[in-house]
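Participant: Here are the chains, one letter per residue:
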Amino acid sequence: MKILQTPEASLREPSQKIGEITPEIKKLADDMIKLALKWEGEHEHEVSSALAAPQVGENVRMIIVRNEPEDKSDKTFTALVNPKIVSESGRLVEDWEGCLSVPDLYGKVARRDQVKIEAKMLDGTEVRIRVGGHLARTLMHEIDHLDGILFLDKIRGKKNSFARLQEDGALTPIDYSEIENQTDLWGD
Amino acid sequence: MIDKSLAKRVPIVFFGVDRFPALPLEKLLEEGYNVQAIFAAPDKDARGGKKKAPVAKILGEKYDVPVLQPEKGREIIGELIGRFGEDKRLLPDGEHKGTLPLGVLVSYGKMIPDEVLEWFKPMPIINIHPSLLPKYRGSSPVESAILNGDAETGVSIIKLVAEMDAGEVLASAKISVAADETSASLYDKAARVGWELVQELIPKLVETDGQLKGAGQDHKLATFTPRFDKAEAELTGAKTAAELERKVRAFDTNPRAFLMHDGKRFAVHGGLVVDARQTPLDIKSSDGKFYHPTIITPEGQKAMAIADYLRGVDRG
Ligand SMILES: [Zn+2]
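If you read the sequences in order, they're chains A and B.
Going by the numbering used here, the first residue of the first sequence is number 1, and it counts up by one from there.
Going by the numbering used here, the first residue of the second sequence is number 1001, and it counts up by one from there.
Take these hints with a grain of salt, some might be off.
[Said to hold, decoys possible] Cβ-to-Cβ under 10 angstroms is the rule here; a few derived chain B residues that face chain A:
{"no.": "1", "residue": "M1164"}
{"no.": "2", "residue": "K1204"}
{"no.": "3", "residue": "T1225"}
{"no.": "4", "residue": "R1227"}
{"no.": "5", "residue": "D1229"}
[Said to hold, decoys possible] Below, simulated DSS-like cross-link-like pairs (lysine-lysine); rule was C-alpha separation at most 25 angstroms, straight line:
{"no.": "6", "chain 1": "A", "residue 1": "K84", "chain 2": "B", "residue 2": "K1220"}
{"no.": "7", "chain 1": "B", "residue 1": "K1052", "chain 2": "B", "residue 2": "K1027"}
{"no.": "8", "chain 1": "A", "residue 1": "K26", "chain 2": "B", "residue 2": "K1230"}
{"no.": "9", "chain 1": "A", "residue 1": "K17", "chain 2": "B", "residue 2": "K1135"}
{"no.": "10", "chain 1": "A", "residue 1": "K158", "chain 2": "B", "residue 2": "K1072"}
{"no.": "11", "chain 1": "B", "residue 1": "K1121", "chain 2": "A", "residue 2": "K17"}
{"no.": "12", "chain 1": "B", "residue 1": "K1051", "chain 2": "A", "residue 2": "K27"}
{"no.": "13", "chain 1": "A", "residue 1": "K34", "chain 2": "B", "residue 2": "K1239"}
{"no.": "14", "chain 1": "B", "residue 1": "K1230", "chain 2": "A", "residue 2": "K2"}
{"no.": "15", "chain 1": "A", "residue 1": "K2", "chain 2": "B", "residue 2": "K1027"}
Simulated from the structure, these hints should not be mistaken for lab results.
Cβ atoms here follow ideal geometry from the backbone N, Cα and C, with glycine treated the same way.
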């Protein structure tokens, strides 16, 4: 299992609902966590804050989310099965997003800053969570993955919304023309 | 009484075939079923900048059936409405027997969105799944049966639902897994048996306007099989040599089993379990036995017997 990157076509495909949370689904969650942490180990200036199953080649509706993304030493995640956005509210906020499936490219995406989500935990418990701020953004980014949508698809054509990660960890805005015709990014 | 001729009249929309053999589609076309549209994967890029058409497209063109190749699953609904209309009922309610399209899906490779399932109602999309569900849901039921050394597996025909492989089982049959079975041969068996089941089901589905009841799956018994990538087909680090032998039979096409030796990659097509090392390429496993590959493809060369390969090396 590995983390897929653009232009892998299955990243742009929606994922199926999980019927039963089998031991293999739990193992998939574990494997995703291991991969996310391995990726983090290889990327000094970045944090693996979440990952969606289609990013590892399984088009099923499961995501893992870092419990304390601000604290790199806390390596625990929570897995959510069949997460669904019930409602979005609050202000539209623009902020930078990056993706393990889109190397080195960051984008400024506008999202609502409050979101209500329904999901199942791995033990089958149904949860309804209401979150705001960056966690809301993270969850919306991951649920987009389950619908075959990458952050860059949401801001395609927007001139001043992309940046590249430099070796020293800084984000440098880039000219849109640089990526406009980069077919391996857009999957078409 | 079941009117057999209705089965040949019902409009069929086919989805597939990605990894599964094309036999069910071939039979539908050959035997004169009313296949109205075929959803196939988009053409693939092939060597020399050419495009390679999927087998479902080639068959569709041969039998003059429209082939649709949307890039994205979400485009399916538009294609269906364009072809059959928003309200696909050709006759007023109650008189539509045999006129509502039936979906048949065999390893399509794209998820079918909810609105497509809705559009087909009351008819289902039926799906041939090569396992005895709820066992082996997911992407690799055939490979998993071989990897696990099962002596028996099967084929299930289910109604497609939003949850992966979780629909009612309309019909199922067992198939044996021979000692030398490979994924390719097991897929072939599953295709033949699957077609038999589908053939018997179509008239029953038409007669009941899709209301034929299947058996609900016992979801608690479900197991899930993963999608294997190329790296997972490497022959290494096994507990038993028998496990490696099964792995070669399970990964016989995509992915293809391989071993690394002296930094070189060798695709492995067959071999056996032996008690003592016979060639430098044999792989030792934790049970003390060896997996001895007999047919290999050294990187960049053709398939050959390992003896021929080693002789070549000796000659320099
Ligand atoms: Zn992402």
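Participant: Next pair to validate is K1230 of chain B with K2 of chain A; report whether the Cα-Cα distance is within 25 angstroms.
Facilitator: holds (10 angstroms)
Participant: Interface hint check: K1204 of chain B, Cβ to nearest Cβ on chain A, cutoff 10 angstroms. Holds or violated?
Facilitator: Since chain A brings no Cβ nearer than about 25 angstroms to K1204 of chain B, farther than 10 angstroms, the hint is violated.
Participant: Measuring from the C-beta of D1229 of chain B to each C-beta in chain A, is the shortest one below 10 angstroms?
Facilitator: holds (6 angstroms)
Participant: Interface hint check: T1225 of chain B, Cβ to nearest Cβ on chain A, cutoff 10 angstroms. Holds or violated?
Facilitator: Given a least distance of 7 angstroms, the restraint on T1225 of chain B holds.
Participant: Check whether the Cα positions of K1051 of chain B and K27 of chain A lie no farther apart than 25 angstroms.
Facilitator: With Cα atoms ~38 angstroms apart, K1051 of chain B and K27 of chain A exceed 25 angstroms; violated.
Participant: Is K1121 of chain B within 25 angstroms of K17 of chain A, Cα to Cα?
Facilitator: holds (20 angstroms)
Participant: Go through the hint on R1227 of chain B and say holds or violated, using the shortest Cβ distance to chain A against 10 angstroms.
Facilitator: Holds, about 5 angstroms.
Participant: Check whether the Cα positions of K34 of chain A and K1239 of chain B lie no farther apart than 25 angstroms.
Facilitator: Distance ~22 angstroms between K34 of chain A and K1239 of chain B Cα, so the pair holds.
Participant: Restraint: M1164 of chain B near chain A, CB-CB cut 10 angstroms. Satisfied or not?
Facilitator: Result: holds, 4 angstroms to nearest chain A Cβ.
Participant: Need the status of pair K84 of chain A, K1220 of chain B: alpha-carbon distance at most 25 angstroms?
Facilitator: OK: K84 of chain A and K1220 of chain B at ~23 angstroms, within 25 angstroms.
Participant: Regarding the pair K1052 of chain B and K1027 of chain B, is the alpha-carbon distance no greater than 25 angstroms?
Facilitator: Cα-Cα ~23 angstroms, so holds.
Participant: For the pair supplied as a hint, K17 of chain A and K1135 of chain B, is the alpha-carbon distance within the 25 angstroms limit?
Facilitator: holds (17 angstroms)
Comparing the model with each numbered hint stated earlier shows that hints 2, 12, 15 do not hold.
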